[in-house]
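Between the sequences and the hints, there should be enough to build the whole structure, so can you do that?
Going by my numbering, the sequence shown opens with residue 510, and the numbers climb by one from there.
Keep in mind the hints are simulated off the structure, nothing from the lab. Don't be surprised by glycine CBs; every beta carbon is placed ideally from N, CA and C. Errors might be hidden in some of the hints.
[Unchecked claim] With a cut-off of at most 20 Å between alpha-carbon atoms, the simulated EDC-like pairs for lysine to aspartate or glutamate come out as follows: (1) 684 with 701; (2) 741 with 702; (3) 741 with 661; (4) 741 with 668; (5) 684 with 668; (6) 662 with 690; (7) 719 with 644; (8) 719 with 661; (9) 719 with 690; (10) 684 with 709; (11) 719 with 702; (12) 662 with 721; (13) 719 with 653; (14) 663 with 701.
[As the list claims (entries may be wrong)] Derived DEER-like restraints, expressed as beta-carbon distance ranges: (15) 690 with 735: 26 to 36 Å; (16) 618 with 759: 18 to 28 Å; (17) 669 with 616: 39 to 49 Å; (18) 610 with 668: 26 to 36 Å; (19) 670 with 618: 44 to 54 Å.
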Amino acid sequence: MALITNTKQEKIVNYGSLQHSMLVEKSRDRRTMKCLVVLQICAAVVTMLLISTFYLTMYPSNKGKKHTPSTNIVPSNPIQKDNIAILYAIDPIGHSFCFRDGQYGEEITDWTVFNRCSDLDFNSYYAGNFTVGIEGGRVGTIIDLGSRGDLEKKYKYQETVGHGQGYASIHRTNKTLLILDNYQSHTFQAMDESAALFQDASSSTTVAAKVDHVYALRITDRYDSKFERIVKMLVIAYHPNESVTIRWEVLP
510 MALITNTKQE KIVNYGSLQH SMLVEKSRDR RTMKCLVVLQ ICAAVVTMLL ISTFYLTMYP
570 SNKGKKHTPS TNIVPSNPIQ KDNIAILYAI DPIGHSFCFR DGQYGEEITD WTVFNRCSDL
630 DFNSYYAGNF TVGIEGGRVG TIIDLGSRGD LEKKYKYQET VGHGQGYASI HRTNKTLLIL
690 DNYQSHTFQA MDESAALFQD ASSSTTVAAK VDHVYALRIT DRYDSKFERI VKMLVIAYHP
750 NESVTIRWEV LP
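As C-alpha cells, this is what we get:
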C-alpha cells in the first residue's frame, strides 16, 4: 500500500509541476507578444517620422526647383546683376554708390550711418549733381560725354534700334577711351575726352545729372598709386530732388 501511495503522490507532484510549467510558458508568451506589438508600434512611429522628415526636407527644395525658371544665361558677374542702380536724394544710405560691389556706399550699424565705399554721390554735395572723389584719399574726375544722340552725331557712327550701340561700345585701352566707328566692321575710334579723363585729379569733381546722358568717371587714390577705377554710366531715368537711375559698367 505504501508503494501505491508513493506512486500516486509522485504522479500528483509531476502533474502539478507540468501545470506550473505551462502557466510560466503562457506568461512568457504573453510578454513576448506584448514586446513584439510594442516593437511593431515603435517601428511604425519611427518610419512615419522618417518619412515626414524626408518630405519636409525635400519638398521645399523641389518646390523651389519646380518654380525656378531654367536658363542657360549665366551672368559674368553675379554681384553686378543687371548693372542698374537707383540712387535716392534723401535716403540716408542710398544717395551714394560703390562700383566695387554694386551696393550702396553707406550702411547703418548700431543705429549709426557709416561710410563703407562711396565712389559716387548723388545730390548730397550739390543738388541734382553727381560727385566723385569724396572719401578718404580718393580724388576723381567725371565727364558728361553728352546724350546718346550727341555722341552719334559727333563720332558719326551708325546706331541701331534702341540707340544703345554707342554706350555699349565705350571701352578703354590703356589711357584712351574708345567708341564705335563702324558697326558692321566692328571698328572703334578714340574719344576726344580721353585726355581730360586721364589727367591727374587733385580733388573731387561734380557734374549735373541729365537723363539720356552718358558719363565717364575715373577715381584714383592719393595714397595708393596702384588704385584706379574707371566707370561708364548712362542715366536712364531722373526725377529732380528725388532719384536717378543709372546703367553702369566698370571698364577694366
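Going down the list of hints, with the structure as the test:
Proposed proximity of residue 684 and residue 701 is supported: the alpha carbons are some 12 Å apart, at most 20 Å. Distance check on the hinted pair: residue 741 and residue 702 sit about 13 Å apart at the alpha-carbon level, within 20 Å; holds. Note on residue 741 and residue 661: the hinted pairing holds, with a Cα-Cα distance of about 16 Å set against a maximum of 20 Å. At roughly 18 Å between alpha-carbon atoms, residue 741 and residue 668 fall within 20 Å of each other, so this suggested pair holds.
Taken as a hint, the residue 684 and residue 668 pair is broken in the structure, with Cα atoms around 25 Å apart against an allowance of 20 Å. The straight-line distance between the Cα atoms of residue 662 and residue 690 is roughly 12 Å, inside the 20 Å bound, and the hint therefore holds. Distance restraint check for residue 719 and residue 644: the Cα-Cα separation of roughly 24 Å exceeds the 20 Å cut-off, and the hinted pair is therefore not satisfied. As the CA atoms of residue 719 and residue 661 are separated by approximately 17 Å, the hinted pair is consistent with the 20 Å bound.
Restraint check for residue 719 and residue 690: not satisfied, since their Cα atoms lie roughly 25 Å apart, outside the 20 Å limit. The suggested pairing of residue 684 with residue 709 holds, with an alpha-carbon distance near 12 Å, which does not exceed 20 Å. Distance restraint check for residue 719 and residue 702: the Cα-Cα separation of roughly 18 Å lies within the 20 Å cut-off, and the hinted pair is therefore satisfied. At most 20 Å may separate the alpha-carbon atoms for a hinted pair to count; residue 662 and residue 721 meet this at roughly 15 Å.
A distance of roughly 9 Å separates the Cα atoms of residue 719 and residue 653; the hinted pair therefore holds under the 20 Å criterion. The hinted pair formed by residue 663 and residue 701 meets the criterion: a straight-line CA distance of about 10 Å does not exceed 20 Å. Distance hint for residue 690 and residue 735: a CB-CB separation of about 32 Å, consistent with the stated range 26 to 36 Å. Residue 618 and residue 759 have their C-beta atoms about 26 Å apart, which keeps the hinted 18 to 28 Å range intact.
In this structure the hint that residue 669 and residue 616 lie 39 to 49 Å apart at CB holds, the actual value being about 40 Å. Between residue 610 and residue 668, the C-beta spacing of about 32 Å keeps the proposed range 26 to 36 Å intact. Between residue 670 and residue 618 the C-beta distance comes to about 46 Å, which sits within the given range of 44 to 54 Å.
When each numbered hint is compared with the structure, violations occur for hints 5, 7, 9.
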